[in-house]
Amino acid sequence: MSLSNRHLLGLSGVPKEDLQLILDTARTFREVLERPIKKVPTLQGKTVVNLFYEDSTRTRISFELAQKRLSADTINFSTSTSSVKKGETFKDTVRNIEAMKVDMIVVRHKSAGVPQYLTKISKANIINAGDGLHEHPTQGLLDMYSINERLGRLEGLKVCIVGDVAHSRVALSNIYGLKTMGAQVSVCGPSTMIPFGIEALGIKVYHKIEEALKENDVLNVIRIQLERDAGRRIPSLREYHNYFGVTTERIEKFNKDIVILHPGPINRGVELSSEVADGPYQVILDQVTNGVAVRMAVLYLLGTMHS
Amino acid sequence: MKIILKQVNLLHPEQKLNEKNDLLIEDGVIKKIGGISEAEFKEAKVYEMNGKFCSPGFFDMHVHLREPGREDEETVETGCNAAAVGGFTGVACMPNTNPDIDSAEVVRFIKEKAAKHLVDVFPVAAATLARKGEAISPMLELHEAGAVGFSDDGVAIKSAGILRNVLEYSRMIDAPVIEHCEDESLAGGAMNESFTSTLLGLQGIPNVAEDLIVIRDIMMAEFTGGRVHIAHISSKNAVDLVRQAKKKGIKVTAEVAPHHFALTDDLLKTFDTNYKMNPPLRTREDVDAMIEGLKDGTIDCIASDHAPHSIEEKEMEFIYAPNGILGLETQIGLAISELVKKKHLTLDQLVEKFAINPRKILNLPVPAIKVGEMANFTIFDPEQIWTVDITKFKSKAKNAPYDKRLLTGKAVAVINKRKMFIDDKMIEI
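Heads up: the protein sequence lines correspond to chains A and B, in order.
Mapping the first sequence onto the working numbering, position 164 (from 1) lands on 208, and the numbers just tick up by one.
Mapping the second sequence onto the working numbering, position 330 (from 1) lands on 336, and the numbers just tick up by one.
One or more of the hints may lead you astray.
Straight-line C-alpha distance at most 20 angstroms; calculated PhoX-like pairs for lysine-lysine [said to hold, decoys possible]:
| id | chain 1 | residue 1 | chain 2 | residue 2 |
| --- | --- | --- | --- | --- |
| 1 | B | Lys-275 | A | Lys-154 |
| 2 | B | Lys-257 | B | Lys-366 |
| 3 | A | Lys-164 | B | Lys-410 |
| 4 | B | Lys-275 | A | Lys-164 |
| 5 | B | Lys-404 | A | Lys-164 |
| 6 | B | Lys-138 | B | Lys-122 |
| 7 | B | Lys-8 | B | Lys-400 |
| 8 | B | Lys-48 | B | Lys-8 |
| 9 | A | Lys-135 | B | Lys-404 |
No lab work stands behind these hints, which were simulated from the structure alone.
Using the sequences and the hints, build the whole thing.
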């Protein structure tokens with residue numbers, strides 16, 4: 045079994061069989077992570093570059109760990125300044141790195157479309173680790189893995205993405221992936237945070253967190269990203285918490301079976317109350333562990349493909 | 007020197023002229039229309055035109071020539087060469103150069119650079135100093151030096167207060183104020199705001215950013231009696247606003263760029279930066295509104311917004327790439343393919359949009375096809391099918407999304423200032 049595409053640019057258009065293969069493979073690696081020796085020789089001799097043009101700690105560490113556990117050689121290239129300011133073009137940077145004979149590039153960039161662009165200027169397998177407000181496919185996959193781990197299925201589930209959906213790269217990847225796997229996806233948030241025309245993707249829109257809780261099996265609560273100007277779209281974090289925050293009180297009143305996901309880092313007391321963030325409904329730290337397994341699966345499947 | 011254009015279709019809607027005839031030009035002046043003797047045929051250089059069309063020279067009122075300041079991207083000369091190949095005998099160049107065209111000195115510098123070229127170049131000067139929207143530019147002096155319009159090019163004039171002064175002041179010379187209509191507080195996106203921008207995760211620029219400034223400018227034109235010209239109109243509602251304003255007799259005109267009647271924003275799915283421009287490519291609905299506006303006269307003319315960028319600058323991560331594409335060498339083909347061949351415009355209307363109306367807006371004389379007049383013509387073949395090859399562009403830059411595109415309609419030759427550009431050669435006539 046192998047994937048149908050040698051890159052992972054997004055979850056849009058990825059067939060169900062591919063998603064299933066990644067999730068199944070991740071399960072194997074998840075077991076590896078529980079062993080005393082958490083390393084397999086699968087990608088020995090392969091070189092992976094983590095090309096991070098935007099600040100990221102979690103995703104980069106997760107990818108790096110996944111690479112190390114597969115015995116790949118990894119290199120980190122991180123810069124938060126754009127290539128424009130640095131003087132060297134993105135293309136030159138990539139060509140330089142590629143000249144050192146790398147097999148795979150994991151890329152995070154502020155601009156949507158950079159992973160697609162990379163496939164045109166590089167021969168390596170490209171893995172998108174987040175491009176602009178576009179996609180973050182491994183996050184989508186690890187969310188799907190975590191939901192399946194807790195509820196035993198994806199098909200027929202109702203999943204609602206809560207928060208600043210318009211300025212999230214997690215939302216679209218979740219929407220594409222979950223829909224392909226047969227789940228029903230909705231979004232919930234203040235109207236300034238709902239992207240233009242999202243209904244056309246067959247997505248229900250909620251503006252009341254109570255309704256979202258009541259009608260869904262899973263809430264994937266995403267960060268209010270103050271660094272992305274969220275402050276201009278809501279009057280205050282207090283008002284956001286009062287009207288959209290997920291609290292134990294609301295959960296107990298409207299849906300005690302709910303499963304709460306959050307890609308982190310959490311703004312405690314904003315999108316989640318502290319009690320919920322540490323409580324029984326959430327799978328937040330499982331998501332982190334699963335993230336390593338899912339990324340191992342993606343790296344493995346792409347890294348061992350015969351082109 | 008004498009040349010004869012044999013069996014050419016003379017087309018001049020203002021003169022109600024549409025006839026196939028022979029045309030004798032001597033030393034750049036029209037000597038005879040028909041009735042040419044055997045002796046004259048022998049004496050002159052004869053060009054067989056076989057029914058190709060000859061109209062007043064086409065004029066592009068919105069090009070960026072990049073000189074002074076970015077001669078690596080385009081110069082007055084290379085831009086004029088591109089104009090000649092594209093079928094234009096005149097252009098108006100925009101003031102976002104470095105330094106800006108906000109002093110008579112820069113106007114004269116550009117005029118001087120173009121003096122010997124077939125293509126006439128008329129600078130559009132900045133409406134405010136350094137296009138900052140703070141102090142009005144020396145418009146009388148700029149006009150005297152040769153500027154034909156005023157614009158803060160790239161941005162709308164910052165406030166209604168300054169716009170008022172610009173419009174009132176420009177009234178003295180009846181020059182148009184050419185506006186890039188975009189509300190600053192809604193600007194900053196990388197593409198049109200639409201379902202497609204949602205799917206691509208790119209920040210959008212909504213139509214209303216354009217509409218707001220269009221309505222402001224229309225109201226200010228009405229209030230001051232000044233003349234506003236809407237540059238590169240792209241939004242459906244904006245076309246409607248201009249339509250209503252014209253009905254009320256407000257002095258407003260509008261141009262559309264070829265990409266805004268030929269392309270839609272779903273092309274951005276490729277993340278090709280050659281589809282990045284401002285105003286951005288919009289939706290099918292907007293494209294249809296552009297065509298409707300051209301048909302009913304709401305949109306007066308077609309102008310390319312020819313914007314050369316170096317490969318290094320354009321080949322970049324999408325959000326960092328600069329806005330704009332080349333247009334001079336492809337727009338006649340696009341207009342004939344998308345508008346004439348699809349029966350939206352007649353050839354008469356095409357000539358109005360390309361040759362007559364832009365000159366009227368800029369208060370420039372429209373070349374006549376009459377004995378005794380200087381020949382200023384575009385000869386074009388609306389049936390010629392050709393493939394765009396950007397490697398053959400005369401422009402220094404190559405940033406166009408049309409490579410390998412099949413187009414119908416092409417300029418065959420241009421004549422102006424006793425020069426003729428034909429078969430890729432510039433000759434004195």
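Would the pair B:Lys-275 and A:Lys-154 pass a check requiring their Cα atoms to be no farther apart than 20 angstroms? 17 angstroms, holds
Is A:Lys-135 within 20 angstroms of B:Lys-404, Cα to Cα? Measuring from Cα to Cα gives roughly 18 angstroms; hence the hint holds.
Mind checking the alpha carbons of B:Lys-257 and B:Lys-366 for me, to see if they're no more than 20 angstroms apart? 13 angstroms, holds
Does the structure keep B:Lys-138 and B:Lys-122 at a Cα separation of 20 angstroms or less? Since the Cα atoms of B:Lys-138 and B:Lys-122 sit roughly 33 angstroms apart, the hinted pair is violated (cutoff 20 angstroms).
Satisfaction of hint between A:Lys-164 and B:Lys-404, Cα-Cα up to 20 angstroms: Holds. B:Lys-404 to A:Lys-164 sits at ~18 angstroms (cutoff 20 angstroms).
B:Lys-48 and B:Lys-8 were given as a pair; does the straight-line alpha-carbon distance stay at or below 20 angstroms? 10 angstroms, holds
Taking only the CA atoms, is the gap from B:Lys-275 to A:Lys-164 under or equal to 20 angstroms? 14 angstroms, holds
Is A:Lys-164 within 20 angstroms of B:Lys-410, Cα to Cα? 19 angstroms, holds
Is B:Lys-8 within 20 angstroms of B:Lys-400, Cα to Cα? The hint is violated at about 28 angstroms.
Comparing the model with each numbered hint stated earlier shows that hints 6, 7 do not hold.
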